[in-house]
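2 protein chains.
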Amino acid sequence: MALIVQKYGGTSVGTVERIEAVADKVIETKKQGNQVVVVVSAMSGETDRLLSLAKDITSTPTPRELDVLLSTGEQTTIALLSMALEEKGHPAVSYTGGQVHIRTDNEHNKARIVDIEGAKVHKQLAEGKVVVIAGFQGIDEDGNITTLGRGGSDTTAVAMAAALKADECRIYTDVDGVYTADPRVVSDAQRLPRITYEEMLEMASLGSKVLQIRSVEFARKYNVNLRVLSSFEDGPGTLITDEDENMEAALISGIAHNKDEAKLTIVGVPDMPGIASQILGPIADANIEVDMIVQNVGLDNKTDFTFTVNRNDYEKTMAILKKTADAIGAKEVSGDNRIVKISVVGVGMRSHAGIANIMFKALADEGINIQMISTSEIKVSVVVAENYLELGVRTLHAAFGLENGAMSK
Amino acid sequence: MALIVQKYGGTSVGTVERIEAVADKVIETKKQGNQVVVVVSAMSGETDRLLSLAKDITSTPTPRELDVLLSTGEQTTIALLSMALEEKGHPAVSYTGGQVHIRTDNEHNKARIVDIEGAKVHKQLAEGKVVVIAGFQGIDEDGNITTLGRGGSDTTAVAMAAALKADECRIYTDVDGVYTADPRVVSDAQRLPRITYEEMLEMASLGSKVLQIRSVEFARKYNVNLRVLSSFEDGPGTLITDEDENMEAALISGIAHNKDEAKLTIVGVPDMPGIASQILGPIADANIEVDMIVQNVGLDNKTDFTFTVNRNDYEKTMAILKKTADAIGAKEVSGDNRIVKISVVGVGMRSHAGIANIMFKALADEGINIQMISTSEIKVSVVVAENYLELGVRTLHAAFGLENGAMSK
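Chains as they are written, first to last, in this note's numbering: chain A, 1 to 409; chain B, 1 to 409.
It is possible that some hints are incorrect.
Note that identical chains are pooled: a pair holds if it fits in a single copy or bridges any two copies.
Stated by the list, open to error - Straight-line Cα separation of at most 20 Å, EDC-like style, residue types lysine to aspartate or glutamate; simulated pairs:
no., residue 1, residue 2
1, LYS120, ASP140
2, LYS88, ASP56
3, LYS88, GLU127
4, LYS55, GLU20
5, LYS55, ASP24
6, LYS55, GLU17
7, LYS25, ASP56
I should point out that these hints are in silico values taken from the structure, not numbers from a laboratory.
Since this is a predicted model, take the numbers as computed values, not measurements.
Start from the sequences and build out the full structure, keeping to the hints where you can.
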């Protein structure tokens, strides 16, 4: 008998009819001989309804009270799903985050899980019950209600799976798995049956927003088998797991892209120690996250410094950068917010130096100019002009033969 | 510095604007130098909205899960009221029933409070905060969420006042106090500045639905000073308290009436031991509550037996009674659901035998026929035909001189 944790998001439980459909899926899993724990989000629209009530009172709600308010959303769903299960003849019991001691720190609105007590859940499972748990919420050590921030239900599910030593944590979403590229861009993109945590982290951080990054990190840390599946269609989805000794490591798993970035360059900077922090310090102070950073050594003890930020932060960053340029005596500042980052991801490239070369050549053959390059152990990213998005992704998808699935060594 | 518990019902917190008005009332009380604990209900309409979600899933929701669902209603209100207080510059902290350990038995949907831990609330009050508590809910000893049943927020407020040894528990309602009679029936009915617990219990059980009976019982048991006031107008309301040695005991406090009853009579019953339980047993088994019971000794070892039930239970009771009549060989069964019960209430009548006589004479002078009589230590009730409701109440109000307030000895 396996222990399966399932997580359903707001759209999957958005109406009473959908909650009943979720109950059917849970029952099916139970009938296959499994113990089932279900983690649910608030019904879609509910969180916004509650936020709008708060907004009518104040534009700056107390973080603690906002958590008390928002946590009612999932509490409503757990009650309704448990009722639906009972109505269909399957004993169920619901728990809020506090009731199963999902202990978090006290950072209201964006708390992190510290500990989960699994004993109560195991006891109910042993009695044959389905256990339904409110996602997204917990309590701090003083018993105050906390929330993990939007999308935090994925993290609840993974943390619960880790605490219970579940066999698998299944995240039901509106897509049926992780693909070799965005199917809206590459029509013959293939669903990956399996992918490593590290690859998934790179894919997620590069714009394939199937799962919350935090939940994948959590899964990797506690070695939880994570599966992404569709709420609406049957299918095996994609299993996200550890790199297996016996598993033939994929050279390339997929092509990710991200068009939410903008790049900024400061030209003719005096090349001396500490200059990078003089440039990036004021940007970090403004709470702007920097993604790629490239520095070229130039002539005359001068250097050029280029980096990318979220496109929404472009204007703000540009203003800060101009001030910095004046202060440090840089020659000029330029920027471009019509760029796209395209990345080739695969754990197999660790031991294969030729990947970058294949990538650059394929892009060159199509006349696509590379503006920036950045590499990590398991990915190579390039920045190109935004209008090359589709062509670039399709070219690389074909260059690595991904229309037949992940490329093996 | 006094400690005041205030309770606001669903209508008083029915919109964001009303919640803000409640915040103003709370702040005013605090500015007068008091510590304030506020108990609130769900926003009006919210409980029905949640019930309708449950009803879409099942006609028989699991009682435990229904409590998980309904308890979100008050949780929403406590968060919003606390935000409103903070927005107006007054530190506040909200607690669910579970968070302040309102321990109940495990009778879901109609739980009874067993214990309340006041330490956490006292600590927050000492730090200058307003404490906002969800009414109507608690937890059982296993940490399951329970509810006290509809209207239970009054009980939460009184129990909280008892646990905290508060100076006064103020229940804000849509009326500005307890009156000598229903002002819709008697235009010169007077607000009573003060009334005893016992009188209030009789008034409440007789149809003056200002307060939940259970909350008054609780207040009497723990000697909590209870005050009924208007949410919408300023005023001292009515203080419900213990009979005071120094307080001039009112002979008659008011005239209550109840038109929700129906009477049934079984005629020609063999007068023998156990006959009352043979008649009432099957009715109790059907969960029908019996109010007044009158038995007349008749001729030939036969007796007539009359009792009243809630008007909604009339048909059902009649069917049961007919079966019983056949079984015990009674002569016939009759009934009337167009009756009204009118009662004269006052602790002072304990030591004054003439009250009943004044009452019967006043009614007789108006040609009102009395169908049943029942008395307790502090009330005399009569059943008359429904069309005499207004005339009967007005006649008695005048007969006891209540247009000048409670009648003294």
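Worksheet entry | Homomeric proximity label, LYS55 with GLU17: Cα distance no greater than 20 Å | For LYS55 and GLU17, only the inter-copy Cα distance (12 Å) is at most 20 Å; the intra-copy one is 30 Å.
Discussion item. At most 20 Å between CA atoms: does that hold for LYS55 and GLU20 within a copy, between copies, both, or neither?
Written reply: between (32 Å within a copy, 13 Å between copies)
Discussion item. Please sort LYS25 with ASP56 into within, between, both or neither, judging by C-alpha distance up to 20 Å.
Written reply: between (38 Å within a copy, 19 Å between copies)
Practice prompt. Tell me, please, which holds for LYS88 and ASP56 at an alpha-carbon limit of 20 Å: within, between, both or neither?
Written response: between (40 Å within a copy, 14 Å between copies)
Item to complete: State whether the alpha carbon distance between LYS55 and ASP24 is at most 20 Å within one copy, between copies, both, or neither.
Response: Classified as between: cross-chain Cα gap 18 Å, same-chain 37 Å, threshold 20 Å.
Worksheet entry | Alpha-carbon proximity context of LYS88 and GLU127, limit 20 Å | Result: close within a single copy only, 18 Å intra versus 50 Å inter.
Worksheet item: For the identical chains here, do LYS120 and ASP140 meet the 20 Å Cα criterion within one copy, between copies, both, or neither?
Response: So LYS120 and ASP140 pass the 20 Å test inside a copy (18 Å) and across (15 Å) alike.
Violated hints for the displayed structure: none, as all numbered hints are satisfied.
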